[in-house]
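All chains should be modelled from the sequences, with the hints used to inform the complete structure.
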Amino acid sequence: MFNSEKINREILNNEDTSGKKTKLTKKPFYMVSPINNESKIEEKNKIKEYLHDIKESVSGEIIGGVPLLYDDASVYVDAQDSHSLIIGATGSKKTRLVVLPMVKILGYAEESMIICDPKAEVYKRTACALEKEGYKIEVVNFRNPSVGECWNPLEIPYRLFCLGDIDRACEFVNDIAT
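In the numbering used here, the protein residues as written are 1 to 178.
No lab work stands behind these hints, which were simulated from the structure alone. Everything numeric in this text was worked out from a predicted model, so none of it was measured. All C-beta atoms in this analysis are idealised placements derived from N, C-alpha and C, irrespective of residue type, glycine included. A couple of the hints might just be wrong.
Computed spacing ranges between beta-carbons, pair by pair [claimed, not checked]:
#1 155 <-> 49: 26 to 36 Å
#2 170 <-> 142: 19 to 29 Å
#3 164 <-> 132: 24 to 34 Å
#4 143 <-> 94: 31 to 41 Å
#5 83 <-> 45: 17 to 27 Å
#6 168 <-> 133: 34 to 44 Å
#7 174 <-> 144: 24 to 34 Å
#8 71 <-> 91: 21 to 31 Å
#9 174 <-> 133: 18 to 28 Å
As structure tokens, then:
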């Protein structure tokens with residue numbers, strides 16, 4: 001059974017899903033404000049106003065979201081429906097500090113996920129735990145289509161074209177292209 005204490009302990013203790021310790025800094029990190037889009041670094045308490053402490057989830061329901069701040073006792077997430085962009089140089093721990101905790105938190109909150117994982121790092125570290133929690137994992141490998149599921153984004157427009165529905169086929173192709 002997942003609970004917020006377990007989530008906090010795993011994230012704050014820098015454990016991956018196998019229980020192995022990872023070498024991460026214990027220093028809290030600060031983000032650009034998730035609400036007002038100002039390009040300045042916000043103070044820790046100001047950021048907390050916009051975020052949800054996953055320990056304080058309403059009625060025991062775990063709130064999923066992107067982890068933006070943590071301290072010695074809590075992990076704070078942005079639970080809004082918003083887009084996130086994580087930028088960092090190779091080796092800057094984007095996966096370890098943001099992506100893996102986010103997948104873990106979203107898994108605990110039983111959220112659906114689509115994860116772009118070209119090197120299969122996230123899959124290798126989270127798939128087993130997510131499957132144990134009842135997730136059905138589908139892998140689409142564009143580099144090697146013979147591995148996993150396959151998907152051709154042009155299949156529907158092609159079928160519509162073959163059926164003579166040129167207008168709808170063009171609509172689908174336009175949707176893909178734009």
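Against the structure, the hints come out as follows:
no.	hint	result
1	155 <-> 49: 26 to 36 Å	violated (47 Å)
2	170 <-> 142: 19 to 29 Å	holds (24 Å)
3	164 <-> 132: 24 to 34 Å	violated (48 Å)
4	143 <-> 94: 31 to 41 Å	violated (20 Å)
5	83 <-> 45: 17 to 27 Å	holds (25 Å)
6	168 <-> 133: 34 to 44 Å	holds (39 Å)
7	174 <-> 144: 24 to 34 Å	holds (29 Å)
8	71 <-> 91: 21 to 31 Å	holds (25 Å)
9	174 <-> 133: 18 to 28 Å	violated (39 Å)
Going through the hint list in order, the structure does not satisfy hints 1, 3, 4, 9.
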